[in-house]
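**Student:** First to last, the sequence lines map onto chains Z and Y. The first sequence maps to residues 1 to 163 in the working numbering. The second sequence maps to residues 1001 to 1713 in the working numbering.
Hints may contain errors.
As the list claims (entries may be wrong) - Simulated DEER-style distance windows between Cβ atoms:
1) Y/His1651 / Z/Arg83: 29 to 39 angstroms
2) Y/Arg1247 / Z/Asp120: 44 to 54 angstroms
3) Y/Pro1402 / Z/Gly30: 27 to 37 angstroms
4) Y/Gly1268 / Z/Ser115: 52 to 62 angstroms
5) Z/Gly17 / Y/His1651: 17 to 27 angstroms
6) Y/Asp1094 / Z/Asp116: 28 to 38 angstroms
Everything labelled a hint here was simulated from the structure, so no lab data went into it. Every value quoted in this text rests on a predicted model; they were computed, and no experiment measured them. C-beta atoms are modelled at their ideal positions from N, C-alpha and C, and glycine is treated no differently.
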Amino acid sequence: MFELSINGETVQVDVEGDTPLLWVIREQLGMTGTKFACGIGMCGACTVHFGGVAVRSCVLPVAGAVGIPITTIEGLVDHPVQRAWIEEQVPQCGYCQSGQVMAAVAMLAQKPNPSDADIDMMMSNLCRCATYDRIRAGIKRAVAAVAAPDQAVEEPATTGDDQ
Amino acid sequence: MSTMHNVTRRDFLVGTGGLVLGFTLSGLAGAVPFGEAITYGEATEEGAVNSINAWLRIASNGVVTIRMGASEMGQGVFTSLPMLLAEELDVAWDDVRVEAAPAGREYRRESVAFPGKVQLTGGSESVRGYWTILRTAGATARAMLIQAAADRWGVNPLSCTTLAGSVRNGTRSLTYGALAAEAGKLSTPSGVRLKDPSEWKLLGTSPPRVDVPSKVDGSGIFGIDVQVPGMVNATVRACPHYGGTLRSFDDTAARKVPGVIDIFDMDGVLAVVADTFWHAKKAAGLVDVQWDMGEGEGVDDASIRQVLLTALDEGKKRYGVGKPADMDIEALFEVPYLAHAPLEPLNATVSITEDRVDVWVGTQAQARAKRRVAKLAGVPASRVFVHTTLLGGGFGRRGFDPFIDYTVKIARRVGKPVKCLWTREEMFTHGFHRPATMCRQRGKLGPDGMPTDWHVQMSAQSILQTLIPPMFLEASFATATAHEGMSHSPYAVARQQVDYKRVVLPIPVGWWRSVHGSHNGFFRECFLDELAEKAGQDPIEYRRKLLVNSPRDLGVLNLAVEKAGPVPEGMHRGVAVFESFGGYVAQVIDIEMDGDEVLPRRLVAAVDCGLVVHPDNVKAQIMGGATMGLSSALYGKLSLVDGAVQQTNFHQYPLLDIRQAPSVEVYIVPSTEPPGGVGEVGLPPAVAALCNAIAAATGKRIRTLPIGDQLKA
Chain Z
1 MFELSINGET VQVDVEGDTP LLWVIREQLG MTGTKFACGI GMCGACTVHF
51 GGVAVRSCVL PVAGAVGIPI TTIEGLVDHP VQRAWIEEQV PQCGYCQSGQ
101 VMAAVAMLAQ KPNPSDADID MMMSNLCRCA TYDRIRAGIK RAVAAVAAPD
151 QAVEEPATTG DDQ
Chain Y
1001 MSTMHNVTRR DFLVGTGGLV LGFTLSGLAG AVPFGEAITY GEATEEGAVN
1051 SINAWLRIAS NGVVTIRMGA SEMGQGVFTS LPMLLAEELD VAWDDVRVEA
1101 APAGREYRRE SVAFPGKVQL TGGSESVRGY WTILRTAGAT ARAMLIQAAA
1151 DRWGVNPLSC TTLAGSVRNG TRSLTYGALA AEAGKLSTPS GVRLKDPSEW
1201 KLLGTSPPRV DVPSKVDGSG IFGIDVQVPG MVNATVRACP HYGGTLRSFD
1251 DTAARKVPGV IDIFDMDGVL AVVADTFWHA KKAAGLVDVQ WDMGEGEGVD
1301 DASIRQVLLT ALDEGKKRYG VGKPADMDIE ALFEVPYLAH APLEPLNATV
1351 SITEDRVDVW VGTQAQARAK RRVAKLAGVP ASRVFVHTTL LGGGFGRRGF
1401 DPFIDYTVKI ARRVGKPVKC LWTREEMFTH GFHRPATMCR QRGKLGPDGM
1451 PTDWHVQMSA QSILQTLIPP MFLEASFATA TAHEGMSHSP YAVARQQVDY
1501 KRVVLPIPVG WWRSVHGSHN GFFRECFLDE LAEKAGQDPI EYRRKLLVNS
1551 PRDLGVLNLA VEKAGPVPEG MHRGVAVFES FGGYVAQVID IEMDGDEVLP
1601 RRLVAAVDCG LVVHPDNVKA QIMGGATMGL SSALYGKLSL VDGAVQQTNF
1651 HQYPLLDIRQ APSVEVYIVP STEPPGGVGE VGLPPAVAAL CNAIAAATGK
1701 RIRTLPIGDQ LKA
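Extracted from the complex, chain Y is given alone in its bound form (with noise of 0.2 angstroms):
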C-alpha cells in the first residue's frame, strides 16, 4: 500500500506532447480528429485545463480526464482502471473521462508474469498491475487538491475533507476545478494513505463502460479506421509455409489494377502499395507468387503428432509417482493449434516526417511498439509517438508486432503515410498460435477409490521459444509454462508428477486467451472426471473431498454446483473448475444433444477473483471467456501441410454462433482478498465441464479437440 509512483507534472506535459501538439488534421472525410486524444465519456472539459500528475488533469468545470496505460480490447479496462484512481481522488464517476495514454515509462505497471514495469495489456493483469499505482496516484493528487484549499484558506489541511470533486472546510467549499492550477505546481506528497475496502464508495459497483456508447453507433475508432491526409494503403501477402520465404514473383497483371502504387518483396514478404485498401488487396491477389517452402516442408499435422508423441516420454527425469504399470488408468489428450482471430484484421497506420514518427495502431504492447518503430525508422525513441486506438479483439495476438514493423518499412519506402491492413486470409495463415500439446495421464486409485498417484507427461513447443535462448528453455522447469495449471494442482493426491518436454517446430506460437490453461484446464478436469468414473464416483462429491486443502477452488464450486440446480430433465451436465491468473471458476454446463449435435444450453459459472472492481464487468468476460472455450472446445483448429495453415477464412474455421452458445449465469464469490486475474480465467473451465457433460450424455469421452465430427455415428 506504501509504494509510491514518482509522478511529475513534467512528464504529463512530455507525455501530452505526441498527441495534442504534433497533429491538426482536416480536410478528409471523415478524418479522425486526431489534433487531440479521442476521449471516452460523456463530460466536456471548459475552461482552463491543468494536470496535476502523469494520469490525470482538470478543467475549470470540474471535469477529470484520466489518462490509461492500458489497452481496451473489450475487457473494459477504460472503465475499471479509471475507477481505482477516482475513487482516490474523491470525484463523480460522471466528471470522469478516459483516454488512452502514449507509450511512455511513466504509464507502465506492475507484474506478476514479467519482470520489472511493463507498458502491456494481457496476462489477466491489468487491475491486479496498475491497482496500487492508479489509487496512489488519486490520493496523491486528492492530497494536492487539498493542500492547494488549505493554502488558499490558511487552515491545517487535516481540517479539510474532500466530497464529490470539491475540498471542504467547515461551511467552505472550493471545486477541484477551481484548485487544480495551484495543485498542479505543489510537489509531490508521498506516504498517502489509501481507503481501506470498507470506505469505497465506487469500487465494486457497476457503472456503464465508457467505451460502450462508441461501440453501437459506429463511432469507435480502431486502428482500422484511423485516416491520416496523404495517406496510401498497403496489404502484405507473407510466405504461407512458416519457416519458408518469397522465391520470386510475377507481378505484370497485379499492376494493371487501378490506383496501384508500388509491390515489392520485403524481407521476403510480398508489399503491395495502392491508393485504397480494396485496390491493394485485389492486385495483391493478383501477384503470381512462388514461395520457397525452407524449413515448412514435410512439417504436417501426422509429421508435428508424431513428434509430440515420441516427445512425451523424453520429459521423464524420475518416477515420483507410480510405474506406468501399477496405474489403474491412462489416457492421452490432445489439442490442435488455434487462431486467435480477432475480428479486426491486423493494421497499422505510420506516418514518418523529418522530425517525428507517428503509429496510429490497436497493440497489447505499446511500449515494445516504440521501442522497434525507433529502432526500424532510425530515430530516437523520444520521437516515436504511439497512439493506441480501439482494439476490435486481442487475446493475445495483439501483443506481437511484425504488423507493424511491415507497416514502417512500407511508409519508409513509399515516403508517405502508409496504413497496411491484413487480409482474413493473411490473419489465418500468420499468427502466433496456441501451441498444439499432447498430454499423457495416468492415475492409480487407493481402496476408497481417490487417487493416490496422478503422472501428467506433456509434450509441446514453448511460447517463449522466440523470446528467450534455447538455453535458458532447457534449463529449469520454470521456463517452461506449459505446465501451468497441471503443476501446482489443487487436488489432495499424495504422489503427483508433471513431466514436460519441449519440441522445436518451425510453427509461430504465443499466447492466446487463457494460454496453458485452454489446454491444461481440459486435460486435468476431464481426466478427473475420468478418475471418478473410474472409482465409480460423482465427479462433484469426487472434487468436493480432493479440494480439502484448496478453500477457494471448493468455495466457487460449491456455489456454482449450489446456483446451478437440478439437471433439468432432457438436459446433460458436466463440472469443471480451474485457477488461472489468479482467478478461481467453476463452471456447471447442462447440453441437449440433438442428434449427433451438442447443444450447450446454459452455463452456470462461479468466480472468486478476489476484490472486485466492477462486478458486472466479471460478469461479462467470465461469459465471453467461457463462450469463448466453447467455440473453440467445438470447432477450433489449423492443421498443417508443408508448414501452412490450411484454414484461411471463418468457413473453415468455423466460430460458435449465437444460436449454439448458452444463456449464462455468473455468480462472484465474496471476497477481500487482493483482485486477480479475470480476462482470461472464464475460458479453461468450460472446455472441459463441456467435454464432461457430453459424456455424461454419450458415453464418450472426448480426449481430443476440437470435439468436431467425433459424436458422429
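For reference, chain Z alone in the conformation it holds in the complex (with noise of 0.2 angstroms):
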C-alpha cells in the first residue's frame, strides 16, 4: 500500500512498488489525461509534475513517488498556459498536449521569461502531428498574459494572412 499526494488529495493504492506511476493515475486512480505512449521516457506524453519539476510517469515506480506532491493535468484548472493553448489553436490529435502543457507550466515556473533557446532546452515532449511552432507561441502567449493580463491579446494570432 502506497500513500500519495495527488492534486492536492490523499490517495492510498494497493500495487506493486514497481508501478509505474504512469499507471497508478490512470488504472487506480480512473484519470486519463495523462498519456501512455513510449513506456521508456523518450516523449514526454506522461508528464505530470513531481514536487513541482516535470517528471515523466510512465518510468517513475510508485515506492518513489511516496511523500511528494504530485500534479497531473486535472489539477491545473484554468491555467494561463492552457489559455493560450485554446486561444493559440495548438492541439492537432491532441494526444500529446497533457505532457506539453505540463511540461510547459513546469518551464515557466522556474524560467518566468523564457528565451527562444530555454523553450528548446526545456521542452523536450514529441508532437507527431508537429505542432512545435504553435506550442512556442503558446508559451510566448502565456508569458504575455501573465506579465500583462489586461493587455492579453483576444484574438488568436496566426501565422501568414487570411484570405
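Starting from two chains that each stand alone, build the complex the way the hints lay out.
**Tutor:** The structure is reproduced here in C-alpha cells:
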C-alpha cells in the first residue's frame, strides 16, 4: 500500500512498488488525462509535476513517489498556459498535449520569461502532429498574459495572413 | 449541387440506439459516461430534443447537435464539417455542438479514391466528400423548419426567411427550438438550393475548434481512455519477423505476475490478459517465445535494395523518351520504409453480450470495423455498435484494423469486456509501412537548358497488395498508385515517361500521410533542382518557365517566393512545389548549418486548396504536414533483419523536436475552385525543399533518405 499526494488529495493505492506512477494514475485512480505513448521516458506524453518539477511518470516507480506532491493535468484549472493553448489553437490530435501543457507550466515556474533557447532546451516533449511552432507561440502568449493580464490579446495570432 | 442525400428520421433513431439506449455505465472511478455520446462544444441542450434528419437534432433551447461521420484525428473535421451544415441551416455557431456518428450507411460520403460511398477518414477527402452532403443536410433541415413555421402562421414558406436559428415572417419570429418537433415530422424536401459562396457567413471564417478545450485539460476521451465496468486488459505480441508466426512459448515466469488472467496463442499471435494493462505488459515481456521466421528469413535492407534495383529496369515498356545513353543527367533516389508512429498506441475496447457487440475505438474506418467485428463475433452487423473516440494520431495507421480483430477475439475467449492496448514496441515492429521506394531519373536538356526528355523508373511494393488481387494490380498502370505525382507532372517537358515495377516482399505496406507524395515530392522536386543546376539556372526561375501550363502550381510558387523575401544572411534556401489530393502547395525553406547539423529555421508555404472552409485550420494542417515531412526527411527509417523491424521505440526512430522545428508561415491563394485536400498536402514539398536547401548550403545532393548522418564529415 502506498500513500500518494495527488492534486492536493491523499490517496492510497494497493499495487506493487515497481508499478509506474503513470499506470497508478490511469488504472488505479482512473484519471486518464495523463497519456501512455512510449513507456521509456522518451516522448513526454505522461508528463506530471513531481514536487513542482516535470517528470515522465511512465518510468517513475510508485514506490519512489511517496511523500512528494504530484500534480496531473486534472489538477490544473484554467491555467494561463491552458488558455494560451486554446487561443493559439495549439492541439491537433491532442494526444501529447496534456504532457506539453504540464511541461510548459513547469518550465514557466522555473523560467517565467524563457528565451527561445530555453524553450528549445526545456521543451523536449514529442508531438507527432508537429504542432511545435504553435507550442512555442502558446508559451509566449502565456508569458505575455501573466506579465500583463489586462493587455492579453483577444484574437488568436495566426501565422501567415487570411484570405 | 443538386445531389440529394436521402435522410429520414428513422435512420437517425436507429443510429442513435447504439449510443444512447444500450449502455448506462457508472460506478467506476473516472468511468467514461457512455450513457450518452460525448459531445464537443460549449452549448448544452435543454428541454425536448427533436431530430430533423440523420445529421442533426435540435433542442428546445435552440442548441443544434450535429453528428460527424468522419473521425477527428487532429485534422479539425469536428469543426470544419459541422460548419458546412451550420452555414446552410443558418444557425449561430455558438449554438452548435458536435458528436461522433456511429458506423452507418447514412453517414457515408462521396470519395475520389474509392468507388461508391464510404465512411472512411483518409485521402484528405473529408471536406471534399461531405461537401455537398452536409450542406444539403443543413439546407434541407432549414427548409423543413421554414415549412413548419409557415404552416403554423398559415403563410407561404417563400415569404419566410431565417436568421441565426429562427424563422421570420414580417415581425413574427419562431426559434428553431420551438419548431423542431413539427419540422421533424415533415417529409424531406428535394432540390433545395445551396448558398453561393458570396452569401456565406460562417464558411471561410475560423471559429475555435470544438475539440481543443478537451485537449488542454485532459478530459478528451481517446480510445485508450475508455473504461467499461468489469473490463479486463490485454496486450499482444505478434511475430516480429514479417511473414513469420508463433512456434511455441513458455509462460511459466509470466504466469507469476499478479493479476494475470490468460496467456494464449491467438492464431499465431501471443495474447496476454490481466486485470490491468501494466500487469499484462509486464507478463507479456516475461513470456519466452520461439518464433518461426517464415518468409521473413533473409529479408534485410540489402536484399530489399537489390530487389528494388533489379526491378527498376523491368518496368520499362518502351522508350517514349531519349535512350539512357542520350541523356545528360541521371540520378538514383531511394527512400526507406516509414512508421506512422501515432503517439497513441493502437487499442480497442470490446464488450460482447447476448444481444449486442460494442466497440470503442479510435478508427479511421468505422464502417469496415463494423463489418469485420460482426463477422468475427458471429453476429449480424445490425447488432454491432462502433463508438468512435478521438484518435491520438492517425496518419493512415488507424485505417487498418487487426488491432480491433485481436480485441474481439480476446473478448470472445475471456467472456468479459476487454481493452487491448499495444506497447510502443509492438507499434514499431508491426505496421503498414510507407513502402521503401526506388526511383531512377534521367533528363536531357535542350539548347536553352530546359529539359526536353524526362524518364522516371520506379520500383516499390504496392500499397494495394492486400486489397486488390495481384492479377488486377498487374493489369493496369492506374492500379499502381505509386507513380502519383510523377505521372501527370505539371512541368512542360516535351517527352516524359514514367515506368513502375511492382515488387513482392513480405513487408506490410499501406497509406502513410501524403502516401506517394511522401516520396514522389522528394524524387521529382530534387531532380528538378539537379536539372536546373545542370542548366546553370536558378531553380525558382527554372520552375516558373516549366509551369507555363500549370497556373495553380505557378500561383503557389510565386506567392511563397514573394512572401519569403530575400534569403537572410547565413541562411540557405530550398524551394519545392507539389500538388496532391487536389491541394497545390509551394514551400520555401531557409536552413542554417551548425557544423554538420541541419537546422530548419523558417518555412514559408503557399497553398491553393480551392474554396476554404476554415483558414486557420488549413494553416495548422500545412504547418503540421510540412514539419512532419521534415522529421521523416531528417530521421525516418525502419531497417529490417530477417524481416524484423529493428527500431522498437523513439530512441531508435527519432522525431523532430521543438529545437529543430522551423517557424512556419502559411499563405492561402484565394480561389473559387471546389475544395481540395488539405490534411496531407503540406508534407511532400517540405522533404524536397529541405534537401534542396542542403544542396544550396553544402553542395551535397541528398538522394537517399533519411538525411541522417550523410552530412557528417
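**Student:** Against the structure shown, which of the earlier numbered hints fail to hold, in ascending order?
**Tutor:** Of the numbered hints, all hold.
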